[in-house]
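Given next are the chains, with one letter for each unit.
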Amino acid sequence: DVKVTQSSRYLVKRTGEKVFLECVQDMDHENMFWYRQDPGLGLRLIYFSYDVKMKEKGDIPEGYSVSREKKERFSLILESASTNQTSMYLCASSFRGQGVSGANVLTFGAGSRLTVL
Amino acid sequence: GNSVTQMEGPVTLSEEAFLTINCTYTATGYPSLFWYVQYPGEGLQLLLKATKADDKGSNKGFEATYRKETTSFHLEKGSVQVSDSAVYFCALLGSNAGNMLTFGGGTRLMVKP
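In order, the protein sequence lines correspond to chains D and Y.
Numbering-wise (the working numbering), the first sequence opens with residue 1 and increments by one.
Numbering-wise (the working numbering), the second sequence opens with residue 1001 and increments by one.
Note that these hints are calculated values from the structure, not bench results.
Glycine is no exception: its CB is placed at the ideal position from the N, C-alpha and C atoms.
Where hints are given, some of them may not hold.
What the hints assert, rightly or not - Among chain D residues calculated to face chain Y with C-beta under 10 Å, some are: (1) TYR35; (2) PHE48; (3) ASP51; (4) ILE60; (5) TYR64.
Claimed, not checked - Label-pair distances were calculated between CB atoms; the ranges are: (6) D:ARG44 x Y:VAL1082: 40 to 50 Å; (7) Y:GLY1029 x D:TYR50: 38 to 48 Å; (8) D:THR86 x Y:LYS1060: 44 to 54 Å; (9) Y:GLU1042 x D:ARG73: 33 to 43 Å; (10) Y:THR1020 x D:ASP59: 43 to 53 Å; (11) Y:THR1028 x D:TYR50: 43 to 53 Å; (12) Y:GLU1016 x D:ARG14: 42 to 52 Å.
To be verified - Stretch-level coverage of chain Y by chain D, calculated; a stretch enters the list once three of its residues show a Cβ under 8 Å from a Cβ in chain D: (13) 1017 to 1024; (14) 1102 to 1112.
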């Protein structure tokens, strides 16, 4: 059973703390993504990566950074957490390539709910 | 840019009722359209998709038809079950190379026995 695993389902952190959210996929996907999910706003893309050591900004990268040292692992980093970063964070992955027969169809992890006090 | 608009929830229905969740989009070119579902405590799963105008995607009793003339991709099911309670997201993939998925705001469905 292929999957995307997010290491922490629930985290509570304090303002100013450094936060790491880890994501691992076992499908040999090239692409990996970090989204945040907020009520009424749907999913907004924070960062994505097409390959190891590559990263691209999404729609809302401010306050976040990412790391992709290995193909299967994509980490989201909050250098100094703030209360407006309280949210559900979703990791996803997909094969590279065009078209929708298989490529660009995302497989999601279960999510990490972060609360910043 | 691309955008997706969904009806706001929650949508509350009794078991065996007919379901419609509206989705309209704005995009250049010829996007592909998707519905994802998120069950409680889980990540999103692809429910169905359509890649060109007049295509009908279907899965688990759900259907959606790609209507280019009305730029819509409404989700329907003839008889909902309690187990269909979830959040449903409409999404599009632009036809330009390298485009990312654009998601709607999500619609929560609650089905009561």
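For each hint, the structure was consulted:
no. : hint                            : verdict
1   : TYR35                           : 8 Å, holds
2   : PHE48                           : 7 Å, holds
3   : ASP51                           : 13 Å, violated
4   : ILE60                           : 13 Å, violated
5   : TYR64                           : 16 Å, violated
6   : D:ARG44 x Y:VAL1082: 40 to 50 Å : 30 Å, violated
7   : Y:GLY1029 x D:TYR50: 38 to 48 Å : 22 Å, violated
8   : D:THR86 x Y:LYS1060: 44 to 54 Å : 33 Å, violated
9   : Y:GLU1042 x D:ARG73: 33 to 43 Å : 21 Å, violated
10  : Y:THR1020 x D:ASP59: 43 to 53 Å : 29 Å, violated
11  : Y:THR1028 x D:TYR50: 43 to 53 Å : 23 Å, violated
12  : Y:GLU1016 x D:ARG14: 42 to 52 Å : 48 Å, holds
13  : 1017 to 1024                    : violated (count 0)
14  : 1102 to 1112                    : holds (count 4)
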